[in-house]
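S.K.: Assemble chain B onto chain A, guided by the hints.
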Amino acid sequence: MTKVDFKLIDSILEKYGCDKSKIIPIMQEIQAEYKFLPEAALMYVADKIGETYAELYGVATFYKDFSLNEKGKYVIKVCNGTACHVRKSDDVQEALYEITGMKPGDYISADGLFTIERVACLGACGLAPVCTVNGVVHPQMTPDKMRALIMDLREAERS
Amino acid sequence: MKIQSRQMLEDFRAESLKKLNCQSKQILVCGGSGCVAGGSLKIYDKFRELMERKGIKVDVILQDHVDHGDAVGLKKSGCHGFCEIGPLVRIEPAGLLYIKCKVEDCEEIIEESILGDNVIDRLVYHDNGRSYSRQEDIPFYKQQTRVALTNCGRIDAESIEEYIAVGGYSALSKALFDMSPDDIINEVTESGLRGRGGAGFPTGKKWAQVAAHKDAPVKYIVCNGDEGDPGAFMDCSVMEGNPHKMIEGIIIAAIACGSTEGYIYVRAEYPLAVLRLQKAIEDAEAYGILGDDILGSGKSFNLQICKGAGAFVCGEGTAMQESIEGKRGMPRTKPPRSVDKGLFDAPTSLNNVETFANVPDIINKGAKWYSSIGTEGNSGTKVFSLAGNIKNTGLIEVPMGTTLREIVFNIGGGVKSGNFKAVQIGGPAGCCLTEDHLDLPLDFDSTKKIGAIIGSGGLVVMGDDTCMVEIARFFMSFSTNESCGKCTTCREGIPKIQEILERITHGTGELEDIDMLQELSAVVKTCSLCGLGKNATNPVVSTLKYFKDEYIAHVKDKKCPAGVCRSLCTMWIDPIKCIGCTKCARNCPVGAITGQLRKPHTIDVEKCIKCRECKVGCPKHAIKEV
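As you go down the protein sequences, you meet chains A and B in turn.
Per our numbering, the first sequence starts with residue 52, numbered consecutively.
Per our numbering, the second sequence starts with residue 13, numbered consecutively.
Only chain A is shown next, with the shape it has when bound in the complex:
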C-alpha cells in the first residue's frame, strides 16, 4: 500500500484554493507525485472540497491519464495513432507483451518494473511507429528494437 502524505495533498489543495473546478489539475498533481491516484488521497480531496467521492471517482475513471492502480517503474506508452498503425505498431506492441510476459489488461509486470499503455497519438507521426518510456520518445520502433530496449532497462536495473 502506498502511504499518502496528507500534508502534501493539503499544499496542492491550497494552491488551487479548494476550487471544485480545479479537480483535474489537482488530480494531475497528485498523480505526478504517486504515478497513480491512491484511493485515500481521492477520499481526502473529496472531503476537503465538498464533493462526493463518487463524483471524483467518475472524473478519475473518465480520463485515460488517470490511473487508480499502481504503475511500474517504467511506463511504456505505445502509440497506436493512425500513422503508427499504418507503419505496423501492432507488431511492436506484441513484441513488448511477449518480452515483458504481460498480457492486455495487466496493470503492471510481475517484477513491478513495467506498465504498458496503448495511446492514441503522441504527435510524433513523422517518426512512426513511436513509443515513450517515462516520457522519453523512442522513434521508428521495430519489434527487435523494442526487445533490445526492454533488455537494456532490465540490465540497468540489475547493475
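Read the hints as simulated data drawn from the structure, not as lab findings.
Careful: at least some of the hints might be erroneous.
[As the list claims (entries may be wrong)] Derived DSS-like pairs (lysine-lysine); straight-line CA-CA distance at most 30 Å:
hint, chain 1, residue 1, chain 2, residue 2
1, A, Lys128, B, Lys508
2, B, Lys570, B, Lys557
3, B, Lys54, A, Lys196
4, B, Lys537, A, Lys115
5, A, Lys128, B, Lys339
6, A, Lys139, B, Lys403
7, B, Lys380, B, Lys311
8, A, Lys115, B, Lys339
9, B, Lys186, B, Lys30
10, B, Lys353, A, Lys115
M.R.: The following block gives chain B in isolation, referenced to the frame of chain A:
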C-alpha cells in the same frame, strides 16, 4: 519591464532587432517534438560546448554587443515540418538546412559553415540526384504558402524578444489603438477566415455573436489545442514553434469580443507545448502584453493553460468546457450554443489554435490580402499533416483548394512503398479518399460535396499494403475507446460495428454483415448528439463505398487482398527471390518449411501457424503473405 505604450513597443522592437542583427550567423536547432525525439537537444548542447571551447561568442539569448556582428546566435527553433529527415539544423543568414544531423557533425558544421562559408554536401537534402543546400529550394518547401506557420523554424520559439523583433504583437497594437472591436470583427469576417478545427464556421460571425452580449459580466475565449485526431500534429507544431503568434491572435479575439478571461486547453500528450506556452504566457505578462492594462490601453486579459487528461471527446467544444469546469468531458445538448451560454454559463468563443495563428496577419495585412489566398468562400491557407505511407512525412501549409495530387505526389513525394491506394482525411471521424479524388480541391465546400471533411487536417496516406476493412476496424476500435458513453447509439452501436468488422477480418463474416454495417452506421449517425458520434462511422461508410470489393473478398473468398488480416493469409515463398539460405527453415518453430541448401524453399500451409518469423528474418524479402 512593462511595455506601457505603442511607442514603447516600437522602441523595444527596434532594440531587439538591433540585438538580433548583432549576430553575424545563427544556428537554429529544431526543437520540435520530432527532432527532440531524434536527439536535437544533445546537438544543441554540443554546439554550445564546442563554440565556447573555441572562443566563439555565443548568444543563447538576445544580447547587446558593442562590437557589432561577431556573435553567433544559437537557438532552439520550432518545428520545420519536415520531420522525416530530422534532426534539422538551419544556418542563417545563408538559409542552409542540414538534415539528419548527429552530435558528431557539430564540429564540422562550426568549422565549415560558421567559421567558414562552406556548405557540407553530405548533410544537405538530396533528391533525384540533385542536392539542395537552401531550405527554400527543397521541393517540399517550395510548393508551400506559409501563414500560420511563418517563422516556425526561423526564430527562437522560446523568445518573446525575437518574436517582437520580427514584427510580433504589431497586429495587437494596431487592434488596440487603431481599431474598434467592431472594426476587428469586420476585418476578420471580410477575410473569410473559417474555423480550422474542422467545422469551418466563420470566425468573424462567432466573435460577433459573443460581442453582442454587451451586458455579460464575464466572457471567455477558449483556444482549442486538444488536437486528438491520431495522425494530426499541426496544432502541436504551432504551440511549440510559435506560441506567441497564437497568443497574439487570442488577445485580439478577446479585445474584439470584450472578453477578459481565456483558457488554452492543451492535450496532455504534448508536454513540450505546455512548457513553451507556459513560458510564453509568463513572458507576455512580464512585458505587459497580457494581464492588466495591455500595452497601456486600459484593457485587460488573463490567459491560463488547462491541461487535458486524455479524452478525445474533449476536443468537442461543449465537452471541453465541461472539462475546464472540472467535470467529466461529456458534450452538452445544443442549444444553447457556447456563444450564448458556454464556459461557466458565460458567452464563450471557442476557436482552434490554427485559427488564432492566422489572425495577426489578417489584422496586419488586411482582409483583402487574406481572401486573395485560397478559393472562393474558402480563403487562406490550411496546415495539413502528412503521415503514413508517404515519402516526405511532415507538416505542410498550402492554400485552401490545393488538390490532393499536388499534396501527396508533388509535396509529399508519393508513397513510400508499393502503390497509392487511399488517403484518410480528417482523422478517425473522417473519410477515405481514393485515386478518383486526387484532383479534388481540398477545401471545406469541395470535400463536403463528396461527403468528406477536412477535419483538423490530418492526411494519412495508405498504400496497397493496407487493408481497408482492417483500417475501418482500427478506427472503430478507436471510437469505441473514446466514446464518452452519453448516447446509447454511440456507446453500444460502435462496439457492435467493431465486432462485425472483427468477424470479417477473421474470416467468419457473412454477406448480410455488410448490410448490417450500413444500417448500424446510419443509426449511429442519426441518433448521436455530438460530432464524435455523428461522424464516427464515416470510415466504415466510406470504405464500404469505395472498397466494397475488399469486403466481399474477405467475406466470400475468405481472402485479404492486401495481405494484412492474418487469419485470411497464407505464407508463400517467392521461388525467384529465394536463395535457399535455409534461415527461414531454421527459424520456423513448427518445422513447416522445407528445402535443400541453395534451392528455393516451400512452406507447408497445413503446418504453418502464421507466426511470420520466417518473413521477418528473410534476407531477400522473398516471403510474402497472400
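S.K.: Now, for every hint given, state plainly whether the structure supports it.
M.R.: Hints, one by one, checked against the model:
1. Lys128/A - Lys508/B: holds (27 Å)
2. Lys570/B - Lys557/B: Distance of about 20 Å is within 30 Å: holds.
3. Lys54/B - Lys196/A: holds (21 Å)
4. Lys537/B - Lys115/A: Satisfied, since the Cα-Cα distance of roughly 25 Å is no more than 30 Å.
5. Lys128/A - Lys339/B: holds (25 Å)
6. Lys139/A - Lys403/B: The given pair, whose Cα atoms are some 16 Å apart, holds under the 30 Å limit.
7. Lys380/B - Lys311/B: holds (28 Å)
8. Lys115/A - Lys339/B: holds (14 Å)
9. Lys186/B - Lys30/B: Roughly 23 Å between the alpha carbons, so the hint for lysine 186/B and lysine 30/B holds.
10. Lys353/B - Lys115/A: holds (28 Å)
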